[in-house]
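Protein chains in written order, with the working numbering: chain A, 4 to 917; chain B, -19 to 107.
Note that these hints are calculated values from the structure, not bench results.
None of these values were measured; they are calculated from a predicted model.
Warning: the hint list may mix true and false statements.
[Said to hold, decoys possible] Where chain A lies over chain B, by a calculated footprint (3+ residues, C-beta under 8 Å):
| no. | segment |
| --- | --- |
| 1 | -8 to 0 |
| 2 | 3 to 13 |
| 3 | 87 to 100 |
Even glycine gets a Cβ: it sits at the ideal position worked out from N, Cα and C.
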Amino acid sequence: MGAGIIIFISIAYVAFLFLIAYLAEKRGKQGRSLVNNSVIYALSLAVYCTAWTYYGSVGRAVTSGMGFLPIYIGPVIIAPLWWILLKKIIFISKSQRITSIADFISSRYGKSTWLGIIATLIAVFGIIPYISIQLKAISTSFDLLVTDHTPLYRHSEIPFYLDSALYIAIALAVFTILFGTRNLDPNERHEGLVAAIAFESVLKLIAFLTVGLFVTYWLYDGFADLFGKGMSTPGLSRLFSLEEAGINGWEWFWLSFLSMSAVMLLPRQFHVSVVENTNPNHVGKASWLFPLYLLLINIFVLPIAIAGIDQFPGGAYEPDSFVLSLPLSQGKDILALFVGLGGFSAATSMVIVAVIALSIMIGNNLVLPLVLRTQTFKGAQYSNMSNRLLGIRRISIVVVLLLAYGYFKAVGEQYSLVSVGLISFTAIAQFAPVVLGGIFWKRATKAGALCGMLAGFGVWAYTLPLPTMVETGVIPIHFMENGPFGIGWLKPYALFGLDGTSHISQAAFWSLLFNCGIYFFVSLYTSQSPLEISQADLFVDIYKYRKGSTDYDVMRRQAKVQDIRILLNRFLGEPRGNLLLNAYENNQRIDLSRQQVAGPDLINYAETHLAGAIGAASAKIIIGSITKEEPISLEEMFKVLEQTKEIIQYSKALEKKSAELERTTMQLKEANEQLKELDRLKANFITTVTHELRTPITSIKALSRIMQETSGLPEEQKQEFLAIVVSESERLTRLINQVLDLEKIQSNQEDWTLQPIDFAEVTSLAYSGLKQLMNDRQISHSLSIRAQPLIVLGHNDRLTQVVVNLISNAIKFCKVEEGVINIRLQKTGDTAVLEVEDNGKGIPVKDQKIIFEKFTQLNDEARGKPKGSGLGLFITHSIIQKHSGNIHVESGPENGATFIVELPLLEEAGGLAE
Amino acid sequence: MTDKTNTKVLLVDDEPNILIALEFLVKKEGYQAFKAENGEQALKAMASHQPHIVLLDVMMPEMDGFEVARTIRSNPEYDNTRIIFLTAKGTQEDRFKGYATGGEVYITKPFDNDELINTINEVVEFG
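Excised from the complex, chain A in its bound form (with noise of 0.2 Å):
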């Protein structure tokens, strides 16, 4: 086939994919987006399966038969995890607006500008070996469809600029600028790309299952047929078998876990499923639609192997190239040229997506910070800076395609493609702890980071890439074999003595075992910046701040709006900028243009946008180069934990007043019971007096109503009649004044105002009083007064008052004739002691207190009661106490009752008196 079709054809291909892109990014605008589906994410995945997929996997079948399969084994037991892991990295960056995938390392560890460049050269140095199969693949096949045989030169050893390779290197490079940086998304989305990727997908998918269904159903006789002989023909049956092959448990754990974090943190990979989401809820369906595609793919990869054995037994083809030559083989050109084709889209997406990733992350996360940190700008100065990145990106390109070209024509070409490709993966596996741990462990520090994937990278270095030189002579020999400086336990291959396993497999062993463990130590013995730990939140509880507020505030910063549009302008191009303003004038309502100062808010919302197209490293750098910045310090910190403190104080505060209310509450609710139960008393109060009132009333009604209505009665009864009338009338007379005294006392009507009087005088003067009435009555009575005077502070009214209720009282409960009260009057201390002795009944204990208290004794019948009154008792308490005084009874039943009264002497007026 002329070398001239297959270029035009080449050529045709990459300009309908072009159109593709064209389509897809048109639609996009018009908000009629193609790529905002998830089978088109799902396919988009697919750039996963590359030329290494295409042509590799029947290589490596060859010789290891099953051993090409963890590859795809990795992803297929990682997607159903995508729902928790890709999803949260996805939020994540959405909202951190992260462009790459050492965007992502640098911004969790506080934006850090270091760690994003070590990652940044990881994943460069990681991925040109990979590059470098690309280019191996498209220009084999090349060379295979112009010549339709293995080429007899080696790249290596012909001049350069004869060799096709480089000249698929430039074309690349062309294609991948033309692609990835025609302008500068701020969201590093490009549509047109997804499409053209999606698109590639399909094809390598057909392609491949064409060539699949050729071999087995035109060349064989279905899988039955090719199997059957591929079992019968010695040597080939070992394909079938896990141990001939060499293939065994720690292996297959190696390589499935290689690929597993590949597929999510390969730079392309992360492009695609992260960076160039659109919705991710795409990401449920596309974790069972990849899985299917790896299935598809895979299907005919052991029958192609087999074919091409038996084909080819003499070797005339290269393994890797099975999959082209087998039609070629059998002089069917155009399906050649259709598979070839198949192989070309396989690898072009891989290069494309991984260049541009690969420039995002140099020109973001590398060159920018290094510019911004060696040079002061100021504001102003970043004059068309968006032109300026796209070039360095478009620099970057280049270089990157050309350090592949390079290693290919060094290394590369001694390799098959999938042991140059796992080199890769191991490299890329480096990012897995910093990834995984970013986002589920807040301890997490920058410097464990930093110092985890350099020492996983240094170690990666030492065991994967550096033999390879070593194979090629650029180091010598006996390095591998007695180790360096002649230290055994060095030797890459057999690093610490771990013999015995793939190099693969010991690579990644030793450098995730030193990166985990580093990473993780370091981490523990250091500590976190005030950012960190702020970026640390916003990774871990992405779903916390997701559905509140993202504001979250570690910075105090302030800049001039002046400032902050100058610099969206000149990064982000002056219409982008503009939009952004507006866009966030009227999210916030305010006019900018009134504004002399922006706040944290429109800082960060600038610093976000600015992220988006320039790296989180280098935002935080440019927008620190405007803003007055004051990092949350350590008493800021104490600010921020002080007023939690207030709030905690605060609710306590409230816990407290709702623990008063509820005490109120009780309080109220004991009053509420102490006015129920005053009013029961005050029901039976007036029941009792009501009673007492009805009792005399009685006796003068009926008594009146028969003198008035009795004619002739004699003259005796009723003089009789009536004073019994006269009596009772003076009993109901004596019985309202003591209510209305009562009232009085109670009610604090009555002016209580105290005075010095002798408290001796007015007992004497009582007990006179009465005389009379004790001498009438027949009752023995004394009173002795064993000191005077006894000035106490009281009224003297009220005062007499107790005195005569307390004898008047002993006079009732007497017997006439037998009755016998003795009065005594004395100090004790500094009290005046009034003692009231009867030899009447007495009082049972039990009611010697209840005597005292309102209407009780009126509504004690029992107690063999004097008539009439019955408040006497309780007036005379109510007065006692209005003195500060006591009053108590001591009695025995049937020993008569002695009341004694206490009152406080006044010392002052004592002393005078005396």
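Using the hints, position chain B against chain A.
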């Protein structure tokens, strides 16, 4: 019409003045009257005089009217004795308590003389 002179009325009240009035009224109507100043005396008078009617005050010291009534009712000998309560407590509750303990009628103090006598007459006549 029953022979009033053969009809014995026991008057129980702790207020002597009320007893005086009651005695006068009952005797004037023609009944035989006996007096008791408390529950104890009332029960003694029950035994000695076998009265047909008991005019019983409720609020009394030591033993109140309800208790006296219960004691009377618990003795089958006094099945024919009618009890009329006299009380200064005129609440509904007390009224029911009075009926429950075997009182026929409930008269509130201060009473109307004619009403009292009419009531006694009715009780004597209709049992």
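Hints versus structure:
Against chain A, the segment -8 to 0 of chain B contributes 4 residues with a C-beta closer than 8 Å to a partner C-beta. That satisfies the three-residue criterion, and the hint holds. Counting residues of the segment 3 to 13 of chain B whose C-beta sits closer than 8 Å to any C-beta of chain A gives 3, which meets the bar of three, so the coverage hint holds. Judged by the Cβ-Cβ criterion of 8 Å, the segment 87 to 100 of chain B is covered by chain A as claimed, because 5 of its residues qualify and three suffice.
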